[in-house]
Amino acid sequence: MAIKRNDRQKLRSEYPRLLFHGLRSVQLMAALAVFGIMAYFMYDLHSEHYSIPWIFVALFAISGVTIAVQIVTMAFYACTYLSPKFNVILNAGITVLWAVGFGLLSFALKNTLNKACDIKTWATESGVLICHDYKILWVCTLVALVLTILALGLDIYADLRGKRGIYVLPGSDKSAFDMEFVRPHEIRKSGCQV
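Numbering of the sequence shown is given in this note's numbering, commencing with residue 1 and proceeding in unit increments.
None of these hints come from the bench; they were simulated from the model. Ideal Cβ placement from N, Cα and C applies to all residues, glycine included. Keep in mind that the hints are not guaranteed to be accurate.
[To be verified] Here are the simulated distance ranges between beta carbons:
| no. | residue 1 | residue 2 | range |
| --- | --- | --- | --- |
| 1 | Cys117 | Trp54 | 33 to 43 Å |
| 2 | Ile71 | Glu48 | 15 to 25 Å |
| 3 | Arg17 | Asp44 | 38 to 48 Å |
| 4 | Val57 | Leu19 | 27 to 37 Å |
| 5 | Val146 | Ile89 | 47 to 57 Å |
| 6 | Gly93 | Val26 | 17 to 27 Å |
| 7 | Leu45 | Thr121 | 33 to 43 Å |
| 8 | Thr121 | Ile149 | 31 to 41 Å |
| 9 | Leu142 | Lys115 | 26 to 36 Å |
[Claimed, not checked] Below, simulated SDA-like cross-link-like pairs (lysine to any residue); rule was C-alpha separation at most 20 Å, straight line:
| no. | residue 1 | residue 2 |
| --- | --- | --- |
| 10 | Lys135 | Ile52 |
| 11 | Lys135 | Asp159 |
| 12 | Lys85 | Leu137 |
| 13 | Lys115 | Val96 |
| 14 | Lys85 | Phe102 |
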């Protein structure tokens, strides 16, 4: 089944082009950063025969879902048409996932985030590096959450912008479309009132 290509003159996007692509690009980079950090942590823990914390698995899945949604919606935008309503639903779901993931990560790292990353606190160089990695992960997760909220706001704006200028017929005028086209002078001759 071939996807019909979007004709930009006929079907114009409601999104502001530069803001849309800029926001989505940075959102994709933040999700890729979290995905990469989680993949590194999970690989390292697995190779050292430690159990993988379920928060890591959750963040890995959330960032993976975000990347997949970004790719699918980019394909829709480029090849057919990206509906703001559809994108609101997707970004609302992703926003909830990022908020839950960020909350769980913040709760799990609350002691680490309050401490300085130095030899005196962590005793070894690898401990200091892990401390830095956790803080970078927390910041990347926060950035991904904020960007997803901004993307949701942009979707809502585009949806409202697309509805602007639409004329909705009142109930009494809907029957006028059912009538055949009649010239105004013929209406006056026959005595019909519209």
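Here is how each hint holds up against the structure:
1. Cys117 x Trp54: 33 to 43 Å: Distance hint for Cys117, Trp54 is violated at roughly 25 Å.
2. Ile71 x Glu48: 15 to 25 Å: violated (32 Å)
3. Arg17 x Asp44: 38 to 48 Å: With a Cβ separation near 41 Å, Arg17 and Asp44 satisfy 38 to 48 Å, so the hint holds.
4. Val57 x Leu19: 27 to 37 Å: holds (33 Å)
5. Val146 x Ile89: 47 to 57 Å: violated (20 Å)
6. Gly93 x Val26: 17 to 27 Å: holds (20 Å)
7. Leu45 x Thr121: 33 to 43 Å: Taking Cβ atoms as reference, Leu45 and Thr121 lie about 21 Å apart, which means the hint is violated.
8. Thr121 x Ile149: 31 to 41 Å: holds (33 Å)
9. Leu142 x Lys115: 26 to 36 Å: Given a distance of about 18 Å, which is not inside 26 to 36 Å, the answer is violated.
10. Lys135 x Ile52: Roughly 18 Å separates the two Cα atoms, so the pair holds.
11. Lys135 x Asp159: violated (36 Å)
12. Lys85 x Leu137: violated (31 Å)
13. Lys115 x Val96: Distance ~28 Å between Lys115 and Val96 Cα, so the pair is violated.
14. Lys85 x Phe102: Distance ~25 Å between Lys85 and Phe102 Cα, so the pair is violated.
Consistency with the previously given hints fails for numbers 1, 2, 5, 7, 9, 11, 12, 13 and 14, ordered from lowest to highest.
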